[in-house]
Amino acid sequence: MLRVLTSTLRFPRPWRPLETRGCSSNAGAAGREIQVCALAGPDQGIAEILMNRPSARNALGNVFVSQLLEALAQLQEDRQVRVLIFRSGVKGVFCAGADLKEREQMSEAEVGLFVQRLRGLMTEIAVFPAPTIAAMDGFALGGGLELALACDLRVAASSAVMGLIETTRGLLPGAGGTQRLPRCLGVALAKELIFTGRRLSGTQAQALGLVNHAVAQNEEGNAAYHRARALAQEILPQVRLPLSTTSFLQVDIASGMAIEGICYAQNIPTRDRLEGMAAFREKRLPRFVGE
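Going by the numbering used here, the sequence shown opens with residue 47, and the numbers climb by one from there.
There may be inaccurate statements among the hints.
So the derived label-pair ranges between C-beta atoms look like this [what the hints assert, rightly or not]:
#	residue 1	residue 2	range
1	232	304	24 to 30 Å
2	253	161	27 to 33 Å
3	331	262	30 to 36 Å
Keep in mind the hints are simulated off the structure, nothing from the lab. We put the beta carbon where it would ideally sit given N, CA and C, even for glycine.
Build the full structure now, drawing on both the sequences and the hints.
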C-alpha cells in the first residue's frame, strides 16, 4: 500500500537524458545490454526498452539488471512518455530468466541480495507511471515471464513459449511470480501452472488470459512487437493516467477507492480534463497534451 501511494504522489524531477536516447540502431547503443528508443512523428510518446544480450539470451545478469533499473529510473520522470514497450533484440527470445552462470559464482548471501534486487526491479516495472506492454516474440522463462507479468499488458507470438518454473533445474520463481500469476489468472489455475511447471505457447497463454493478444509469428520474428506497437498507438491519444491501472488491483477495495480519489484530485487542475470535456461537448476527438 505504501509503495502504491508513494508512486501516486511522486513529484516530477528534472529530466536527465539516458546515455542512449535514440533508437536501437544508434551506434552509441551497440554495446549496451539495455537500449532505449523514443519514437518520433505520429508515435511520439511511445518509448521502447530493447533487451539486447544475445550471448546469454537476455538472461537477467548484474549488468543487464543495472542498466534496466537505470533506464526505468529516468524514463519514469519523462512526462513525454505515455506508453512503454519492452521488446527483445534477440530473435526467438524475450528473456530466458536468471543468468545461471553468474549465479553459480555467487555465495548464498549474494544470491539472496540479488533476488531482492530482481524483486525491486519487477516492482519498478509494475508501478511505472505510464502503461507498459511486454512484446513476447520468443521464450519467456522464469524471470522472463515474471518481467512480463510485471507489465500492464502482454502480447505474444503464438509460437512463443513461457513458463514460470524451470522444473528441470529446480528453480523456483523469486521475483514476484508466485504473487502476480494468481492475480492474473486466479488462484487455482496459477497453482496448477506452478505445481506442474508447465510451459505454455502464446496461443495457450491467450486462452487462459495470461496474455492479451497472441499473433502468428512473421519471418522477421517480431510479430508480437508490431502488435504491441499497434496497441500502444491505440493508447497514445488517451489522457495520461497518474498511476498505472494495475496498482489499484494490489490492494483491498477500500484502499483502492482512496487511491482513486487521490488520482482524480491530481486530474482536476489539468488542461487535459478540460480538453476532454470540451471535446465531448463539441463532438470531436480530444487533443490531449499530457498535463
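Verification of the hints:
no., hint, result
1, 232 x 304: 24 to 30 Å, "holds (25 Å)"
2, 253 x 161: 27 to 33 Å, "holds (31 Å)"
3, 331 x 262: 30 to 36 Å, "holds (32 Å)"
In summary, this structure violates none of the numbered hints.
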